[in-house]
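Letter by letter, the chains look like this.
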Amino acid sequence: MSAAYPREVGAKEAEALHAQLDATWRTGTGFWDRLATVDHKIVGRRYIVTGFVFFVLAGILAVLMRLQLATPQSGLISADRYNQIFSMHGTTMMFLFAVPIMEAMGVYLVPLMCGTRNIAYPRLNAYSYWVYLFGGVMIWVAFLLNVGPETGWFSYVPLAGPEFSPGKRTDFWAQMITFTEVSALAVAAELIATILKQRAPGMTLARMPLFLWSILVTSVMILFAMPAVMLASSFLISDRLIGTHFYNPAEGGDPLLWQHLFWFFGHPEVYIIFVPALGMVSSIVATFAQRTIFAYPAMVMALIGNGLLAFGLWVHHMFATGLPRLGNSFYTSASMTIALPAGVQIFCWIATLWDGKPRFKAPLLFVLGFVVIFVLGGLTGVMLASVPLDLQLHDTYFVVAHFHYVLIGGAVFPLFGGFYYWFPKITGRMLSEKAGAWNFWLFFVGFNVAFFPMHILGLIGMPRRVYTYPAGLGWELWNRISTLGGLVIVVSVLIFIGNVTVSLRRGALAGDNPWDAATLEWATTSPPPSYNFAHIPVVTTREALWSEDRPVMEGLKSESREVLCTSVLDAEPDMRHASPKPSLWPLFTALATSAMFIGSIFHEWALVWGSLPIVVGLIGWLWPTTPPKRQLEAAT
Amino acid sequence: MRRAAAWLAMGMAGLALAACSGAQDSLNPAGDQAAHTQDVWRLMLIVCGAMYVLVMAFLGWALWRARRALDGPPLEDAVKSSADAPMRNALVGWTALIILGLGVLAVGSFLVDRSLARADTKDALHIKITGNQWWWQVEYQDPDPSRQFTTANELHLPANRPAILELAAQDVIHSFWIPNLAGKEDLIPGRTNWLTLNPRRIGVYRGQCAEFCGLQHAQMALDATVEDPQAFEAWRQAQLKPAPPPSNDAQVRGQGVFINGACGSCHEIAGSDAHGRTGPDLTHLASRRKLAAGALPVGRDGLIAWLHDPQAIKPGNHMPLVHMSDQDLNDLVAYLQSLS
Numbered sequence: 001m002s003a004a005y006p007r008e009v010g011a012k013e014a015e016a017l018h019a020q021l022d023a024t025w026r027t028g029t030g031f032w033d034r035l036a037t038v039d040h041k042i043v044g045r046r047y048i049v050t051g052f053v054f055f056v057l058a059g060i061l062a063v064l065m066r067l068q069l070a071t072p073q074s075g076l077i078s079a080d081r082y083n084q085i086f087s088m089h090g091t092t093m094m095f096l097f098a099v100p101i102m103e104a105m106g107v108y109l110v111p112l113m114c115g116t117r118n119i120a121y122p123r124l125n126a127y128s129y130w131v132y133l134f135g136g137v138m139i140w141v142a143f144l145l146n147v148g149p150e151t152g153w154f155s156y157v158p159l160a161g162p163e164f165s166p167g168k169r170t171d172f173w174a175q176m177i178t179f180t181e182v183s184a185l186a187v188a189a190e191l192i193a194t195i196l197k198q199r200a201p202g203m204t205l206a207r208m209p210l211f212l213w214s215i216l217v218t219s220v221m222i223l224f225a226m227p228a229v230m231l232a233s234s235f236l237i238s239d240r241l242i243g244t245h246f247y248n249p250a251e252g253g254d255p256l257l258w259q260h261l262f263w264f265f266g267h268p269e270v271y272i273i274f275v276p277a278l279g280m281v282s283s284i285v286a287t288f289a290q291r292t293i294f295a296y297p298a299m300v301m302a303l304i305g306n307g308l309l310a311f312g313l314w315v316h317h318m319f320a321t322g323l324p325r326l327g328n329s330f331y332t333s334a335s336m337t338i339a340l341p342a343g344v345q346i347f348c349w350i351a352t353l354w355d356g357k358p359r360f361k362a363p364l365l366f367v368l369g370f371v372v373i374f375v376l377g378g379l380t381g382v383m384l385a386s387v388p389l390d391l392q393l394h395d396t397y398f399v400v401a402h403f404h405y406v407l408i409g410g411a412v413f414p415l416f417g418g419f420y421y422w423f424p425k426i427t428g429r430m431l432s433e434k435a436g437a438w439n440f441w442l443f444f445v446g447f448n449v450a451f452f453p454m455h456i457l458g459l460i461g462m463p464r465r466v467y468t469y470p471a472g473l474g475w476e477l478w479n480r481i482s483t484l485g486g487l488v489i490v491v492s493v494l495i496f497i498g499n500v501t502v503s504l505r506r507g508a509l510a511g512d513n514p515w516d517a518a519t520l521e522w523a524t525t526s527p528p529p530s531y532n533f534a535h536i537p538v539v540t541t542r543e544a545l546w547s548e549d550r551p552v553m554e555g556l557k558s559e560s561r562e563v564l565c566t567s568v569l570d571a572e573p574d575m576r577h578a579s580p581k582p583s584l585w586p587l588f589t590a591l592a593t594s595a596m597f598i599g600s601i602f603h604e605w606a607l608v609w610g611s612l613p614i615v616v617g618l619i620g621w622l623w624p625t626t627p628p629k630r631q632l633e634a635a636t
Numbered sequence: 637m638r639r640a641a642a643w644l645a646m647g648m649a650g651l652a653l654a655a656c657s658g659a660q661d662s663l664n665p666a667g668d669q670a671a672h673t674q675d676v677w678r679l680m681l682i683v684c685g686a687m688y689v690l691v692m693a694f695l696g697w698a699l700w701r702a703r704r705a706l707d708g709p710p711l712e713d714a715v716k717s718s719a720d721a722p723m724r725n726a727l728v729g730w731t732a733l734i735i736l737g738l739g740v741l742a743v744g745s746f747l748v749d750r751s752l753a754r755a756d757t758k759d760a761l762h763i764k765i766t767g768n769q770w771w772w773q774v775e776y777q778d779p780d781p782s783r784q785f786t787t788a789n790e791l792h793l794p795a796n797r798p799a800i801l802e803l804a805a806q807d808v809i810h811s812f813w814i815p816n817l818a819g820k821e822d823l824i825p826g827r828t829n830w831l832t833l834n835p836r837r838i839g840v841y842r843g844q845c846a847e848f849c850g851l852q853h854a855q856m857a858l859d860a861t862v863e864d865p866q867a868f869e870a871w872r873q874a875q876l877k878p879a880p881p882p883s884n885d886a887q888v889r890g891q892g893v894f895i896n897g898a899c900g901s902c903h904e905i906a907g908s909d910a911h912g913r914t915g916p917d918l919t920h921l922a923s924r925r926k927l928a929a930g931a932l933p934v935g936r937d938g939l940i941a942w943l944h945d946p947q948a949i950k951p952g953n954h955m956p957l958v959h960m961s962d963q964d965l966n967d968l969v970a971y972l973q974s975l976s
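As they're listed, the protein sequences go chains A and B.
Going left to right, the first sequence walks through residues 1 to 636 as my numbering numbers them.
Going left to right, the second sequence walks through residues 637 to 976 as my numbering numbers them.
It is worth saying that the hints were derived from the structure and are not from the lab.
As the structure is a prediction and not an experimental result, all values here were calculated from the model.
Reference listing, derived: stretches of chain A covered by chain B, where coverage requires no fewer than 3 residues with Cβ under 8 Å from a Cβ of chain B:
1) 76 to 82
2) 249 to 261
3) 338 to 349
4) 367 to 373
5) 377 to 385
6) 468 to 474
Below, a sample of chain A positions facing chain B; criterion: calculated Cβ distance under 8 Å:
7) LEU159
8) PHE294
9) ALA298
10) SER329
11) GLY356
12) LYS357
13) PRO358
14) HIS394
15) GLY461
16) ARG465
Label pairs and their calculated CB-CB ranges:
17) B:ARG704 to A:GLN20: 44 to 54 Å
18) B:SER782 to A:LEU326: 33 to 43 Å
19) B:ASP962 to A:GLU476: 30 to 40 Å
20) B:ASP885 to A:GLU476: 39 to 49 Å
21) A:MET301 to B:PRO779: 53 to 63 Å
22) A:GLN20 to B:TRP700: 47 to 57 Å
Note that the Cβ used here is the ideal one computed from N, Cα and C, for glycine as well.
Modelling step: build the complete structure from the supplied sequences, incorporating the hints.
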């Protein structure tokens with residue numbers, strides 16, 4: 001039940017078609033060609049690598065913090081530096097690593113999994129990457145120049161307001177938020193459009209792989225969550241730069257407004273990171289168990305349930321702020337309820353393994369680690385939903401332990417599993433299994449050694465976000481153990497980087513479908529050609545590649561860029577749609593956008609003058625070069 | 637699998653070990669609020685622990701079964717399985733179990749929360765606590781103004797008498813947290829929050845700010861001494877008095893340094909001419925255990941170190957470095973040590 005879709009009838013004809021399609025879709029090798037590319041695979045690869053670089057940078061900051069906390073009253077890092085370091089660690093991990101890399105996996109995989117030739121709005125995609133890159137570089141340059149954020153990734157006002165955080169540090173932070181909002185919203189729109197309108201014919205919603213469902217749910221969540229933080233950070237910027245008083249209680253503003261807006265975004269944010277990981281887990285479990293995921297409808301409902309419930313929990317970050325008790329109890333119940341969809345999904349994956357013939361390769365190892373770690377993190381989350389208990393544990397190391405179990409266990413482990421799983425597709429070569437096993441076991445052990453003791457530290461009174469602590473409160477030993485665990489994780493990540501470096505050149509050749517997987521990204525070569533699919537696959541079952549019946553569709557032009565649009569529910573062929581050519585305008589517009597954002601940190605008029613080049617960029621970007629070629633025709 | 641179980645066991649052992657130590661420890665309750673919360677913790681640990689064991693057992697079984705299946709014949713059909721029906725029933729059962737477990741936890745949590753809301757407040761002591769970057773102002777309130785007094789970074793509470801804390805903030809958000817007594821409550825500029833304490837067990841407990849409040853958030857601690865009512869009353873009577881006048885030459889000179897130098901513009905010493913309001917009240921400084929919100933012990937060495945360079949001890953705090961001669965420093969410390 002493997003083998004890809006037939007790519008062509010005769011060798012010669014196939015060659016000719018390939019040459020034609022490649023000429024149409026190829027990204028040139030020149031410097032400007034590379035900058036102008038709109039190929040989702042190239043942009044996605046850049047996104048993934050950039051996100052991983054930020055993961056490593058934020059990880060280095062984590063190690064610095066652990067070294068500081070290994071002993072009480074350590075003099076290694078000053079208070080000021082430490083506060084910047086933990087602020088940058090959280091900011092980088094959440095805004096520059098976790099969300100972008102999940103979207104990046106979507107950018108790379110979704111069009112392939114949908115069986116289409118490029119992502120929807122490919123120029124917007126290129127633009128979003130540049131904006132993300134420039135925003136990330138800006139905040140890191142600021143940090144290295146000692147103007148990094150200092151008020152945490154959550155930047156509570158009034159601490160982050162003009163009175164108590166003078167200088168430019170918090171302005172850089174707030175503008176970094178603006179950069180990530182713009183790029184995340186852009187990617188969310190592209191992914192939603194791609195999934196809803198560019199699925200292969202026959203891939204009805206009920207046949208959609210769970211990874212696509214998870215990306216769809218995530219992207220819709222981004223659309224609803226990001227505007228809240230956009231509002232919050234815009235208010236903050238205007239309080240800081242032009243003297244408004246949104247958060248100033250002395251002038252009728254309210255510091256709690258920030259917390260409501262921030263957590264209305266911030267809680268869904270956690271699920272925005274975590275839901276794509278669920279999709280990766282489903283992909284890996286199905287492939288390595290060689291078995292369709294148990295109870296697919298329940299899984300889809302659970303994903304959607306996750307997405308909806310995530311918006312009803314934000315107040316559990318605010319139990320200590322003195323809100324009405326009855327309201328708090330509502331959020332207790334809502335927060336506990338989210339354990340239900342999570343519990344259902346865990347059951348279904350285990351049931352799938354139970355009934356399958358699992359092959360214990362690196363991707364599956366990471367998924368098993370995910371189950372062991374994430375379930376524990378979920379259960380401590382249930383504990384934190386209780387108002388009385390949360391009032392003890394809130395803002396202690398217990399919470400630090402909890403969300404690292406949820407985010408590293410729930411998102412980073414599946415992500416590493418995903419790296420091992422899709423690396424062959426992206427590069428054409430396999431990662432070393434042996435190094436993968438070392439990578440996994442060191443990560444798993446190191447993670448638990450580093451983070452389990454933090455539960456205990458929180459219970460015995462150690463608060464978060466402290467650069468130092470006194471001796472004699474019983475915290476020394478657990479802190480030292482935790483630091484040791486952190487160093488083990490470092491070794492594990494170094495092994496991964498080594499594995500990637502070596503395998504890129506010397507890994508075993510992968511072939512089209514090395515894992516015998518069922519989804520469409522494996523129906524083309526590894527790495528995929530510039531046009532993804534010579535013929536658009538037609539899907540007849542949920543496990544497309546495990547089916548004997550694998551028709552393809554013809555009729556898309558090969559001499560110009562066209563993608564097939566299908567109907568939203570049933571994926572019936574709808575129309576052929578011209579897909580934009582490479583262009584330097586998205587890069588220019590991203591540069592102009594960045595100049596405006598960064599300029600506005602220093603002067604409010606930059607918003608006005610800075611918007612003019614953006615307009616120029618958009619005009620160039622959207623300039624009609626060819627007459628629109630929309631033809632309504634069923635193309636099969 | 638086994639590793640996870642071992643971790644869990646080790647964690648439990650750690651928790652048990654930790655449960656009988658600290659002066660800043662939520663598992664070592666000395667008041668009703670912390671004790672009730674510990675009940676919730678125990679309930680959570682049992683229910684969530686059982687769920688965790690269940691999931692791990694299912695995972696272990698699945699892997700064990702699957703490993704055996706590896707030697708068997710290949711799967712005939714990846715899509716359909718004879719196990720679907722029993723598994724579907726199991727899924728329904730599992731869902732019901734989750735709902736039941738969550739129900740127990742939600743109700744348990746709600747009941748405890750309600751009992752906390754109905755805490756005994758008869759004959760309660762009223763104390764206003766104001767958070768500042770990075771110290772606590774503590775005002776014991778009384779309908780009779782002559783029985784009001786102000787102190788800083790310490791709390792004395794009579795055992796078995798409720799205390800109602802009024803929580804306010806001067807600058808940014810802080811959070812009041814003495815884990816042995818109760819959960820935390822934020823101090824928010826422009827708002828007033830309330831926290832009731834019912835301390836039971838005599839002892840000295842440590843609390844510290846639990847909401848990140850800037851540069852020296854880590855060094856914003858306070859002490860809570862729970863004592864028997866007579867000891868508390870004696871302490872209160874002492875606090876109500878103005879500071880004792882200087883009793884020897886060094887102390888007289890020290891008072892001069894305090895009032896004529898920079899100190900008096902920020903700090904109050906009742907009974908002297910120092911009436912500054914921006915820093916902590918120092919009227920009975922020598923009766924406290926700690927200096928600068930827990931940064932140093934009160935005592936000659938601590939005072940000298942602090943006055944020599946407050947910015948070295950607690951970088952960024954709002955007390956400036958005041959240059960003075962060794963003679964002045966010694967006199968000042970002698971005076972401060974007389975403020976019992």
